[in-house]
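Peer 1: The hints should help you fit chain B onto chain A, whose structure is shown.
Next come the chains, spelled out residue by residue.
Number of protein chains: 2
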Amino acid sequence: MAETGLQLRTRISDDNTLSVWLEEVPVPQPGPDEVLVEVGAAPINPSDLFLLFGPADMSRARTSGSAARPVLSADIPPQAMASVQARLGQALPAGNEGAGKVIAAGDSAAAQALLGKTVGVFGGEMFAQYRCVNVHTCLELNEETSAEEGASCFVNPMTALCMVETLKVEGHTALVHTAAASNLGQMLNRLCQRDTIPLVNIVRKPEQETLLRDQGASHVVNSEADDFKPQLQAALSETGATLAFDAIGGGKLASHILTAMEAAAASEMSEYNRYGSTTHKQLYIYGVLDPGPTLLSRNFGFAWGMGGWLLPIFLQKIGMQRGAELRARVADEIKTTFASHYTRRISLAEMLDPEVVVAYNRRATGEKYLVLPQA
Amino acid sequence: MAETGLQLRTRISDDNTLSVWLEEVPVPQPGPDEVLVEVGAAPINPSDLFLLFGPADMSRARTSGSAARPVLSADIPPQAMASVQARLGQALPAGNEGAGKVIAAGDSAAAQALLGKTVGVFGGEMFAQYRCVNVHTCLELNEETSAEEGASCFVNPMTALCMVETLKVEGHTALVHTAAASNLGQMLNRLCQRDTIPLVNIVRKPEQETLLRDQGASHVVNSEADDFKPQLQAALSETGATLAFDAIGGGKLASHILTAMEAAAASEMSEYNRYGSTTHKQLYIYGVLDPGPTLLSRNFGFAWGMGGWLLPIFLQKIGMQRGAELRARVADEIKTTFASHYTRRISLAEMLDPEVVVAYNRRATGEKYLVLPQA
Numbered sequence: 020m021a022e023t024g025l026q027l028r029t030r031i032s033d034d035n036t037l038s039v040w041l042e043e044v045p046v047p048q049p050g051p052d053e054v055l056v057e058v059g060a061a062p063i064n065p066s067d068l069f070l071l072f073g074p075a076d077m078s079r080a081r082t083s084g085s086a087a088r089p090v091l092s093a094d095i096p097p098q099a100m101a102s103v104q105a106r107l108g109q110a111l112p113a114g115n116e117g118a119g120k121v122i123a124a125g126d127s128a129a130a131q132a133l134l135g136k137t138v139g140v141f142g143g144e145m146f147a148q149y150r151c152v153n154v155h156t157c158l159e160l161n162e163e164t165s166a167e168e169g170a171s172c173f174v175n176p177m178t179a180l181c182m183v184e185t186l187k188v189e190g191h192t193a194l195v196h197t198a199a200a201s202n203l204g205q206m207l208n209r210l211c212q213r214d215t216i217p218l219v220n221i222v223r224k225p226e227q228e229t230l231l232r233d234q235g236a237s238h239v240v241n242s243e244a245d246d247f248k249p250q251l252q253a254a255l256s257e258t259g260a261t262l263a264f265d266a267i268g269g270g271k272l273a274s275h276i277l278t279a280m281e282a283a284a285a286s287e288m289s290e291y292n293r294y295g296s297t298t299h300k301q302l303y304i305y306g307v308l309d310p311g312p313t314l315l316s317r318n319f320g321f322a323w324g325m326g327g328w329l330l331p332i333f334l335q336k337i338g339m340q341r342g343a344e345l346r347a348r349v350a351d352e353i354k355t356t357f358a359s360h361y362t363r364r365i366s367l368a369e370m371l372d373p374e375v376v377v378a379y380n381r382r383a384t385g386e387k388y389l390v391l392p393q394a
Numbered sequence: 020m021a022e023t024g025l026q027l028r029t030r031i032s033d034d035n036t037l038s039v040w041l042e043e044v045p046v047p048q049p050g051p052d053e054v055l056v057e058v059g060a061a062p063i064n065p066s067d068l069f070l071l072f073g074p075a076d077m078s079r080a081r082t083s084g085s086a087a088r089p090v091l092s093a094d095i096p097p098q099a100m101a102s103v104q105a106r107l108g109q110a111l112p113a114g115n116e117g118a119g120k121v122i123a124a125g126d127s128a129a130a131q132a133l134l135g136k137t138v139g140v141f142g143g144e145m146f147a148q149y150r151c152v153n154v155h156t157c158l159e160l161n162e163e164t165s166a167e168e169g170a171s172c173f174v175n176p177m178t179a180l181c182m183v184e185t186l187k188v189e190g191h192t193a194l195v196h197t198a199a200a201s202n203l204g205q206m207l208n209r210l211c212q213r214d215t216i217p218l219v220n221i222v223r224k225p226e227q228e229t230l231l232r233d234q235g236a237s238h239v240v241n242s243e244a245d246d247f248k249p250q251l252q253a254a255l256s257e258t259g260a261t262l263a264f265d266a267i268g269g270g271k272l273a274s275h276i277l278t279a280m281e282a283a284a285a286s287e288m289s290e291y292n293r294y295g296s297t298t299h300k301q302l303y304i305y306g307v308l309d310p311g312p313t314l315l316s317r318n319f320g321f322a323w324g325m326g327g328w329l330l331p332i333f334l335q336k337i338g339m340q341r342g343a344e345l346r347a348r349v350a351d352e353i354k355t356t357f358a359s360h361y362t363r364r365i366s367l368a369e370m371l372d373p374e375v376v377v378a379y380n381r382r383a384t385g386e387k388y389l390v391l392p393q394a
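Protein chains in written order, with our numbering: chain A, 20 to 394; chain B, 20 to 394.
With the rest of the complex left out, here is chain A (with noise of 0.2 Å):
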């Protein structure tokens, strides 16, 4: 077994330039409820671009050091450098999942029981050759399900699981979700098709419109369209969707959602009250797409709730128990409803290459970038 192995990390120090580069580390001994990966597949998820590069100019990025082990620098502006104050200086590892083969186990039985295994691990800093994690952040995949196929299997797979626990646990019969064409939305689509959920759609580009109907969503409405507004609320109330995920945070569309939720709403009211519907309209922000502020126009009476969402305070949420249920879900479906499909693969050092920096952090939609450790 190899001695050491290649980590990613990423700095911000106090004279404004981040740095990414490859760091040889010792491969580590697990303890007893510990297993070692070798890192087969990592994906690059839109959750793991704020800690690489947080808010560095990454169009003017430039490398030094070797093919082999380059070291990639970026400028930040100084007025954003009072949001990193908390990580500057800390040379942090990245990655938040990834996949691949247990080669060395620690003395319990749950972790010797994964001896050989292929397994997705959510346990950050997975952008390296190896990494030794609990045995609680492992999923066992099945035999025929290979790194590449299951590097995927948390972030995205959890989440779309997650949302539709959401709806459950909070009494909602119907969804909504923004930058829908995305991989997470493409999953989600196909989820609540297989469980019979009402999804509400929501895209950006004609293009995008068709991709999900061609995947089999019966609403799909388009926020850049002149007639969106009639339209979204024509799938509320079709739906009766009274929930909705928004992957972008800035800007009036959260505000539009709740509006045309409350429109659906009080088209079923029977009297005039001014402080409009008793129907609980619910938005939960899960992205930062669009950084800028959140507008609303509060023009949808009192009965409304907004708020983050993030998968690992859900996870507490519902507990151990159910959690490993859903879990297991995702290891059985894991080539059909929780697929994730790759723009690229790249090795780890291409993950430093300024140019292939630039496409990746585009966060175009549906664009996905699969990382292999070992390559």
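No lab work stands behind these hints, which were simulated from the structure alone. Predicted, not measured: the structure shown is a model, and the values here were computed from it. Any given hint could be a false lead.
Identical chains share a label here; the pair holds if one copy fits it or two copies do between them.
What the hints assert, rightly or not - With a Cα cut of at most 30 Å, we get these calculated DSBU-like pairs of lysine-lysine:
hint, residue 1, residue 2
1, Lys354, Lys224
2, Lys136, Lys120
3, Lys120, Lys354
4, Lys187, Lys120
5, Lys336, Lys187
6, Lys354, Lys136
7, Lys120, Lys248
8, Lys248, Lys354
9, Lys136, Lys187
10, Lys248, Lys271
11, Lys336, Lys354
12, Lys120, Lys271
13, Lys120, Lys224
Peer 2: For chain B alone, coordinates are given in the frame of chain A:
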């Protein structure tokens, strides 16, 4: 007993005009479970104003008719007409709450038990000389309580009590309140002192700081002061408040509060987390002092929630039994914790005087008008 009585009516017509007048209506006979109340006093709450005047320009209101039966008219900006479509042409009564003597009662034991008693009523339509209501909307006042003393026994007392009840139900330990020098705010300040719940009062003027401190408030911060943000964060760190009730709604204040809560929570964290703290921060908007859009910077992690908060919806959540317990407490403390103070007492006809309208429509902090329908 009189056969007719005066009742205030408000109507918005499709010629962009608001009319408010006193209608002479028959005094109703109470049904089995109803009582007839001779309304002695009814406060003008901020929550009454939107129904009374809608979006009309009251600074240019005019009257016609006689001094005893005036008709108040005002114009509505054309672009605001869309927001009042649901009430067009309807002659709506108004007045959320009030108190008076029960002068007739239905046959049921519950109704008969109230005959001759002074009751508080939360039934709408209280800007009237007589009001027939179901016994369930009545709060029997103690014998030594007058109609004037009991007129505001629902909206402010129950709102203050239910804010504290929200804190308990949702597991918070300290509270933030904006527009804290209002009648409601002063009441909440008394209630929190009595129940030893730390309260952070946010006001907008130095004299309001003094007012609340003179009433025993420990934490008062002025949102117009240069050092507002550090002062707020210090108060939040000291109290651990993670729940806020905001009467203002529009602008950036809600965002500032959530940001300061997150900063207080983050200062307790041992390591950097790019998703922010896991401390849940909650803000409820219960008023519309600023009807403009709410601007959220979302620099407070993902563990946050915001929502509308409306007393009747909350009362439904906690149920009849708990609601009755809270109402009983109001009756017992109506002259102390839940006492209201009025700037001026006016008749029904004076409510329609343009100069008086401008005064009570200002929603000036701490000012409150009491209508005496029998005057």
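Peer 1: Evaluate each hint against the coordinates.
Peer 2: Hints, one by one, checked against the model:
1. In this assembly of identical chains, Lys354 and Lys224 lie within 30 Å of each other by CA distance solely inside one copy; the values are 27 Å within and 62 Å between copies.
2. Proximity of Lys136 to Lys120 under the C-alpha cut-off of 30 Å is restricted to the intra-copy arrangement: shortest distance 6 Å within a copy versus 80 Å between copies.
3. For a Cα distance limit of 30 Å, the shortest separation of Lys120 from Lys354 inside one copy, 18 Å, qualifies, whereas the shortest one across copies, 73 Å, does not.
4. For the identical chains of this complex, Lys187 and Lys120 are neighbours neither inside a copy (35 Å) nor across copies (48 Å), given an alpha-carbon limit of 30 Å.
5. Taking identical chains as interchangeable, the C-alpha atoms of Lys336 and Lys187 lie at most 30 Å apart whether they share a chain (13 Å) or sit on different chains (19 Å).
6. Taking the shortest Cα distances, Lys354 and Lys136 sit within 30 Å of each other inside one copy (18 Å), while across copies they are farther apart (73 Å).
7. For the identical chains of this complex, Lys120 and Lys248 are neighbours neither inside a copy (49 Å) nor across copies (50 Å), given an alpha-carbon limit of 30 Å.
8. For the homomeric pair Lys248 and Lys354, neither the shortest alpha-carbon distance inside one copy (36 Å) nor that between copies (51 Å) is at most 30 Å.
9. With identical chains, the CA atoms of Lys136 and Lys187 are never at most 30 Å apart, being 34 Å at best within one copy and 48 Å at best between copies.
10. Within a single copy, Lys248 and Lys271 get their C-alpha atoms as close as 12 Å, and across copies as close as 26 Å, so both meet the 30 Å cut-off.
11. In this assembly of identical chains, Lys336 and Lys354 lie within 30 Å of each other by CA distance solely inside one copy; the values are 28 Å within and 43 Å between copies.
12. Taking the closest pair of Cα atoms, Lys120 and Lys271 never come within 30 Å of each other, the shortest separation being 45 Å inside a single copy and 50 Å across copies.
13. Within a single copy, Lys120 and Lys224 get their C-alpha atoms no closer than 40 Å, and across copies no closer than 64 Å, so neither meets the 30 Å cut-off.
Hint violations for this structure: numbers 4, 7, 8, 9, 12 and 13, all remaining hints satisfied.
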